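Chemist: The chain contents come next:
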Amino acid sequence: MSEVIATNQTILVVGGGISGMTAALEAAECGKQVILVEKNPSLGGRVSQLYKYFPKLCHPKCGMEINLRRIKANRNLRVMAMTEVSAISGDAGNYSVTLKTSPRYVNENCTSCGACGDAVEAEFDSEYNYSLGKRKGAYLPFNQAYPERYVLDPAIIGTDDAEKAKAACKYDAIDLDMAEAENTITVGAIIWATGWKPYDAGKIQPYGYDRYQNVITSVEFERMLDPHGPTGGKILRPSDGKEAKDVAFIQCAGSRDQNHLKHCSRICCMASLKQTTYLREQYGDDAKGTVYYIDIRAIDRIDDFYQKVQDDSNITFTKSKVASITEEKDTGNPVLHGVDTEGYHRYSNPHELVVLAIGMEPSVPADGFPVEVVLNEEGFVELDEANGAFFAAGCSSDALDVNRAVQSATASALRAIQVVNKVAGAEG
Amino acid sequence: MADMKIGAYVCKGCGLGERLDCDELATIAQRDGKAQVVQQHDFLCSAEGVKMIQDDIDNESVNRVVIGACSRRAKSEAFNFEGVTISRANLREGVIWIRPDEDELKETTQEMAADYIRMGCAEAQRSTPPASEQEKGSNDNLLVVGGGITGMTAAIEAAKTGYPVTLVEKTGELGGAVGKMWKDVPMHTPYTDPVDTAVADMVAAIEADSKITVHLNSTITKTSGAPGRFSADISTESGSTSTENFGAIIQASGATPYDANQLPELGYGKSKDVVDRMELEQLAIAANGGPIKRPSDGKEVKKVTFLQCAGQRSDKEGHLNYCSGDCCLTSIKQAMYFKDQNPDIETEILFDDLRTPGAPGEDFYRSGQEKMITFRKGKVSEVVAGSNGPLVKFKDMILDQDMEEEADLVVLATGMVANSGVDIDEVPQNEPGEWEVSVDSILNLNYRQGKDLPHLKYGFNDSHFICFPYETRRTGIYTCGPVRRPMDTQQAIEDATGATLKAIQSLESAKIGRAAHPRSGDLSYPIFRKEGCTQCKRCTVECPFGAIDEDEKRFPVFNESRCRRCGTCMGACPVRVISFENYSCDTVGQQIKNVDMPDEFDEKPRILVLACENDAYPALDMAAQQGSSYSQFARVIPVRCLGSVNTIWVTDALNSGYDGIVLMGCQKGDDYQCHFVKGSEMANIRMSKVDDTLETLSLEKERVETYEVAITDIERAPRLINDMAEAVEKMGMSPFKF
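Residue numbers (the working numbering), protein chains in the order written: chain Y, 1 to 428; chain F, 1 to 738.
Here chain F stands alone, though its shape is the one from the complex (with noise of 0.2 Å):
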């Protein structure tokens, strides 16, 4: 490139000069690595080393600037300057830490920093500044898709940032489950009473509020786009459409209650006074403060029994295999409504773990103890008809005694079931846009992976991430509520502000064009060479993240603001027509290549190890830090993701003579820790048939290997480098060295 001007920033600091010959570095930066301003400095992290490379970026026209120093990891605030690129050469954590200072171990660790002067050069060479003419949204109106108590909050609290709100609802009226109970379990101290539910207040609010509106009797038909400029159809039931932008959404469509009449055993469907917990309700609103009556025949009920669990927690075929999170509290609730109106109504609850977390929730069990409601620990085994009522037999497990007692009224606490949508990773695909469903979609979106978000285990719209729980797998669009995890109201309105966040974050990264999370704030984004395209789809279905479409002539579409940047579109495409500005199958290739090759005489083969730079490439930093050590022969390239790695780096590695290739990426599965949640599955699928290349080049499998490491493998990731050295040593060098 014409305007390309590389600075190369050699530190001596932390005991560089003591340990290389920083000399020789940078004259092979400018020799071998073509910089074309090249300066030393005794301690580059200072106010007057970053003052020196910001001078020659404004006065000498310096665009790519190589630090030959510490690791990316380190002093990233010190080394951050606008407008170019920043190569980081590890020399510190991936040379002298990981190197022991010994004197006949000189000349390999001075050939290590140089190779490393050599690559951050070339990735240099290779690199561009994340241009800033990519698509930008801007749009700052929200899309929630629910009014029970989740979506009306997350519209409320949206409003009240100062975001105008469309909400969304299936049904004639806003409340959603909690709207159809007659009392809430209680959100502020004191935690002892049933309290009024949130709906009315909210509902006033919602009406209130010129910034949010309603759609009832409405569902999504159709949604497109990307955050910043979503696009979607909002349906009646009497047919008319309507179309509207939104700059992000919020999908708050809650969850449905379990069908009881799975629960014959339990006696739902035989007796009329068996009901579930939403019908205790319906009989609660009727009785208004006054006796609650049973269905049969409306006897004012003098002994209620709860049947905790009901039809949750087994992997019995029809049940729900999980806790629904908030039917003790519920029960403890409906137990007060009778207790309450009538403190001798004997109120009971069997149970099998009492799940009432936190201080609000052991508050509230404590009051009900208080109200003197009975906690049984009981193991039911049916529910017949009794004389007089339904007959609960159950175990007592703390007497250890088989009992059977009558009841007026039997309440099941049963559990619910998320309104997650379509399954796509069931439903077979025939054609883009053209599914197989038994289910109604939810967001109806027009994506090539499918018309909802991907479901986690059991249903749930969720992230199975522990520290990010709202990065779902569609970017710009954020589930809260029951639809993502069994949860009870108070847990609900607190999610709902959450993702109202998150969704109100997105739209304003999408009007500067920044990526979200993990690599929030990248700037750069996948440029697609059409051209070179064979339609193959690899990237359009590898994407974790369901960002690529097609059109009509079947190429791939890139949505960049619903790109999270991983970069496994790029390790998929077999014609590697892909790339970022600053990452691309060039800027690793021209590093694995810039590598000084020894020919096969000098007995010094050369190890390429592909790190994840989220957990693999900190835990090489970090047992360097420890003082461990791994091979001088090895050569670490950090990748974005073990999923972005093109097998066409593994070939031209083994063309050029490297002995071995060690891979190392995040744990996959349904315990994933990949932060880009299939990105180092499909790096294994790819991996895995490495084989065949070795095969066709005569090479030994064992000279490619992949891992699974985590950030804490600070003792196996050196030692997994160490026992590709070692097997190296055994099967004798590359054949493929000149």
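Next comes chain Y alone, as it looks inside the complex (with noise of 0.2 Å):
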């Protein structure tokens, strides 16, 4: 592990996701110094794991790959993944933080041929698939990723395919005695971009999340869009592997809601109603759609991609917080009942598959954060003088869509720069 050279003209920031990723390289634009780290393998964060964005259904694969260019280019911003921060003291414009960077065991000399991956037999849960798919123990985390190096994971370390993920590299890149390395660093501000995690669904006790196979979240959903994805791109249902054309798309799942998320997460409306465009272009005139919603927020000038939705005659819309969900024993399909209140009609209406429009939680470290952090209600990092020269970007700050996201940490990104801008007028 190489010295990490940072200053108090240095800004950290902490979370490579999309936010992390542009207050990251907006802040290296402008020529000051700056350290990214990011937990995870690889840059990316969850818009890495979607399939489209809203409202132009464009790749998010596409600006990604302008933001790794330009993060490839830029000598003033250092890149340090499978790294945490431990622990922060201090105030704005002289931080003292630990960093906490976890072994990848395989070092720069990576090629990313893919041979340890061939060789290696375990295989695991897939993170980028929430879970839907298998990864091996020696992988690549996704296509783009980067740092573009594969990674083991400990599991297999002391096992054979450790050694045989040795013994396939041809370039001396797998490190099976690499250990846990701690730097403490100085820095001036810090940017938080940890970003957001879907609300456990489970805790939703009437919709069966855990009981019935065909209850599904909408960013598992969205995996299964991918064609190199868990389904290989096809809408399926996950008891029977059958073609899902009949979808239910419960809006507000675990959001608004005093018993789990109390915010709204801004997103989910717009992300359905572009799912219901996955649906139709999948299964043409056979797909149906039924959206359960309390208020459709397609906000101010994308409302007209709500108002297409609405056009289509597949689908429809329900006004109805969804009570309950049960299972069709002989076909597996999930049953939701409700009311449908304009006009409180009741209803019990099967389904080939559910989707639940998923909260998204703040991101909060396990243990909380390692400053003291002035927080609202719902857990999410405030604009405010207390918190130094600590400040949020993207969804740590709010629940928020991916251009209010580049729009906050392109923000905050100002913010670090003006405390650094003092320190390097108080230094002369």
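Calculated directly from the structure, the hints in this document are not laboratory data. Since we're looking at a predicted model, the values are computed, not measured. Treat the hints with care, since some could be wrong.
What the hints assert, rightly or not - Here are the simulated lysine-lysine pairs, DSSO-like style, with alpha carbons at most 27 Å apart:
#  : chain 1 : residue 1 : chain 2 : residue 2
1  : Y       : 234       : Y       : 56
2  : Y       : 308       : F       : 395
3  : Y       : 321       : F       : 379
4  : F       : 457       : Y       : 56
5  : Y       : 321       : Y       : 288
6  : Y       : 170       : Y       : 242
7  : F       : 299       : F       : 180
8  : F       : 183       : Y       : 170
9  : F       : 593       : F       : 511
10 : F       : 379       : Y       : 308
11 : F       : 316       : Y       : 308
12 : F       : 457       : Y       : 52
13 : F       : 593       : Y       : 319
14 : Y       : 262       : Y       : 197
15 : Y       : 56        : F       : 316
16 : F       : 379       : Y       : 319
17 : Y       : 262       : Y       : 242
18 : F       : 530       : F       : 511
19 : F       : 183       : F       : 316
20 : Y       : 164       : Y       : 134
21 : Y       : 203       : Y       : 321
22 : F       : 379       : F       : 393
23 : Y       : 319       : F       : 316
24 : F       : 511       : Y       : 422
25 : F       : 511       : F       : 160
26 : F       : 12        : Y       : 170
27 : Y       : 72        : F       : 51
28 : F       : 371       : F       : 316
29 : Y       : 308       : F       : 457
30 : F       : 511       : Y       : 262
31 : F       : 339       : Y       : 262
32 : F       : 211       : Y       : 319
33 : Y       : 234       : Y       : 329
34 : Y       : 422       : F       : 160
35 : F       : 136       : Y       : 72
36 : Y       : 321       : F       : 395
With the hints as a guide, bring the two chains together.
Modeler: In structure tokens form, the structure reads like this:
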């Protein structure tokens, strides 16, 4: 692990999803020294697991390609993957941060040729596919991964598989003795961009996520559309692998709810509307989508996307918070029970697949923040002077869509620059 | 060039040594590629391999580096040498990964690799490292147009970062729309009650800050220049003008409230007690915490009804076809004005979808419910005069019942219309610099392409990029606030802060001649050979960023720091007088011509693939990574944008005996994915005219195809190449081979 050089004119960005990458790049392209740390083996975050963005239905990989190109070309920016923040102390302009880097067991000789992946036999749940598929014990997180380097699952260390991986590598890139490394650095400002995680759908007892195979979350549904994903790009029912053409989308699943997440996660309405277009694209006139909603939040100038979906006669909107889900034993179809509040009609609607538009929970570290931070009730980081030079970017600050997350990241880059500029000014 | 020295380096790692005859490739680099220094290495990207190349640069005066190894997208940090040009011959993803490892295919695989070495060397011969004598402008001053909360935020944040700012405001006071409100939606936890607006504090901060200069009652009457050297005429109402120079510009011209006179069916204009949301604010200001009184007779309001989405989310003539984003929050806030003063006042909000997103939004909504504001999903049909006040007729969607309710006051939650100036796509152009306008221009740009920033749908000045919201089509000018998209105060403040960063970044980049997004850091810039120019004006019209103006003699004038280096101008020029040091009609043209063209008896066609480096080329790389394959007869050249493709490349390729040409660019149109906005659209228009060329050469139309390829088209992109290979087989070889 080479030495990390940082001063109190350096900006630390924690989290390498789109918000972290943007904040890091925007600051670095202003000439500032930036260190970007990411706990996973690759940059990209959750948006790299999406098939398309709303409203343009364009591909996350497109923007990511440009951002990666910018990252690779920028000498002011240093990326540290497999790295987390374990401690922070100090004040604005002078923080001391301890970084913990977990071993990848693969060094920079790696050419991502794939030989180790072929040699290893053990398989694990694929994090990238939200556990819908498997990956090997030596793997490249996804085809656009950066650093473009394989990684060994710690579980195979000490087993035959580890030796097989090492033997298969022609470039001496496998280092089974790699150890955890710790670095304590000085930085001037910290941008916290750790994003969100999907709310645990199993906690929504009446929806049976943990009991019924054909009740899945929106993020899992999204993975199905990836041609290189767990279903080869097909929308299928997990129970029997059959095509799922009659799909129900349950909005606000776990959100806007005193029992779960109190906040609105902002993106789920547009995300479900987007997903109805996936359904139609795949199954044409056989596709039938039903959206169970409280309020459709297709906000500001992208409301016309909602209008387009409303005009689609294959997609129905039912103003109802689904009360519970049961299962038809013979077909495996989930049955949705509730009241259509427009007119008060009770329903018990079977569908082939149910997609829970699951809420976004802020990704707070398991042991809490490494430093005292002003949060709001829902756990998002507030913009507050008491936070010093600790700035939240992206979904750490609120449930945001990509466009606003980038906006937030760009703004936080400026705030961080203001701090280091002051330091520079004070130091002459 | 006398001092050009090419170093060619062939890597034998990643299977290249096993699948290819690297010795032959080295010979070809020397003999055909004219490389003076040629080396091979088992593991070129290793520290040792990189040092070998750096030593040649330092000690052997190598200034053109050709790397025969992996794709340019891989190991770019390793192969990163300063002061030289770098050509990447893609032998890994582009040859051995995309071709099956079978004995009978070895020959054509080697031919592919050999051609890429020739092409890499040909490119190197025609490239020079970007010079550093191009225009550099150094000006730390920022111009902010618009003194509402967005503009004020931009000014304050810029000054806080250490940059002097000039803030220009059309009216006699700062504050804009928020300045006319009684209170605002809360922006900090707890999100429960209306708070004082941020205007007073911001105005005080601005007045106290010596870095910020304010011009009131002023507009911009002329803007010219480029990042680093903008010049703006600031004119006051009374007629005086001062001209000042700036490094970058932030446009925060805000939005105008929708004219509710277009809603007579909702009683506006007919009853004094039907007001829009700005008028409600005035009533609240007048009441100042006391009971709010209605306009007609001054009666204290005991029942108020808010009608959401008034004149919005509708494609009716005169209505706005979008949602204005903050009206739901505003109505809840305004309902709280009543409830906080007297909880017995009946406040009702009739809505279609109640939009209070995020944590702040939902908390505020919940607080409104706790204050006993009534929320009803209802479809309003009309508002008429009742016996004591306006009568609202609506259908309650939950009860499924038609209702009529009288209120003391009705508030129409109307929307906002962006102050985005002249729509340059609509305005007919007479002479450059003279425009017919019915709307006041905001910036009065003295640009060939028009006075203001291009509009998106619905008149907003936005970029419509999801990942890059600030990248407008005018370099160095950044929009923020409701002129960009409908938004509330909290978002406007965030937006202004982000735009300020981009403006600062722009002026800092201008100091060192560095390009903006998406070719960030590119130091090359267009070189224009005026002697050959025929003044056809294609470059000035087609440039997606309006970077090219015209002089009095109608010759193009290039503004380097406005340029994004896409090369659309180069692609447009019929006489090829535009080029970049490391990307020109020659660097690509010579690659095309240096492919070893088998004669017609060899039965080995050649298919040229021009692939956009942003999406199509990565898709082909990733296809190779996944184990796909495409025709051994394809030769792929990445281009900066399909818009940079000059038809001479197509003509030259056909004349050289290529049997098929496939062009791959990004999606165009309203939901464009082209990173240069219009580039791929230009290419499509040009290529549709290529059919004429094909006819004159007596060649089939099917020999040239243009496709939209996305970065995820990992299966489709190779298939398109194979489709062409099949088509060529059917049509037969090109008669232009020797």
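Chemist: With reference to the structure, classify each hint as holding or not holding.
Modeler: Structure-based check of all given hints:
{"no.": "1", "hint": "Y/234 with Y/56", "verdict": "holds, 21 Å"}
{"no.": "2", "hint": "Y/308 with F/395", "verdict": "holds, 24 Å"}
{"no.": "3", "hint": "Y/321 with F/379", "verdict": "holds, 20 Å"}
{"no.": "4", "hint": "F/457 with Y/56", "verdict": "holds, 13 Å"}
{"no.": "5", "hint": "Y/321 with Y/288", "verdict": "holds, 19 Å"}
{"no.": "6", "hint": "Y/170 with Y/242", "verdict": "violated, 43 Å"}
{"no.": "7", "hint": "F/299 with F/180", "verdict": "holds, 23 Å"}
{"no.": "8", "hint": "F/183 with Y/170", "verdict": "violated, 68 Å"}
{"no.": "9", "hint": "F/593 with F/511", "verdict": "violated, 38 Å"}
{"no.": "10", "hint": "F/379 with Y/308", "verdict": "holds, 20 Å"}
{"no.": "11", "hint": "F/316 with Y/308", "verdict": "holds, 15 Å"}
{"no.": "12", "hint": "F/457 with Y/52", "verdict": "holds, 21 Å"}
{"no.": "13", "hint": "F/593 with Y/319", "verdict": "violated, 64 Å"}
{"no.": "14", "hint": "Y/262 with Y/197", "verdict": "holds, 15 Å"}
{"no.": "15", "hint": "Y/56 with F/316", "verdict": "holds, 24 Å"}
{"no.": "16", "hint": "F/379 with Y/319", "verdict": "holds, 14 Å"}
{"no.": "17", "hint": "Y/262 with Y/242", "verdict": "violated, 36 Å"}
{"no.": "18", "hint": "F/530 with F/511", "verdict": "holds, 26 Å"}
{"no.": "19", "hint": "F/183 with F/316", "verdict": "violated, 32 Å"}
{"no.": "20", "hint": "Y/164 with Y/134", "verdict": "holds, 19 Å"}
{"no.": "21", "hint": "Y/203 with Y/321", "verdict": "holds, 16 Å"}
{"no.": "22", "hint": "F/379 with F/393", "verdict": "holds, 9 Å"}
{"no.": "23", "hint": "Y/319 with F/316", "verdict": "holds, 25 Å"}
{"no.": "24", "hint": "F/511 with Y/422", "verdict": "holds, 21 Å"}
{"no.": "25", "hint": "F/511 with F/160", "verdict": "holds, 21 Å"}
{"no.": "26", "hint": "F/12 with Y/170", "verdict": "holds, 12 Å"}
{"no.": "27", "hint": "Y/72 with F/51", "verdict": "holds, 19 Å"}
{"no.": "28", "hint": "F/371 with F/316", "verdict": "violated, 35 Å"}
{"no.": "29", "hint": "Y/308 with F/457", "verdict": "holds, 15 Å"}
{"no.": "30", "hint": "F/511 with Y/262", "verdict": "violated, 48 Å"}
{"no.": "31", "hint": "F/339 with Y/262", "verdict": "holds, 23 Å"}
{"no.": "32", "hint": "F/211 with Y/319", "verdict": "violated, 53 Å"}
{"no.": "33", "hint": "Y/234 with Y/329", "verdict": "holds, 24 Å"}
{"no.": "34", "hint": "Y/422 with F/160", "verdict": "holds, 9 Å"}
{"no.": "35", "hint": "F/136 with Y/72", "verdict": "holds, 25 Å"}
{"no.": "36", "hint": "Y/321 with F/395", "verdict": "holds, 21 Å"}
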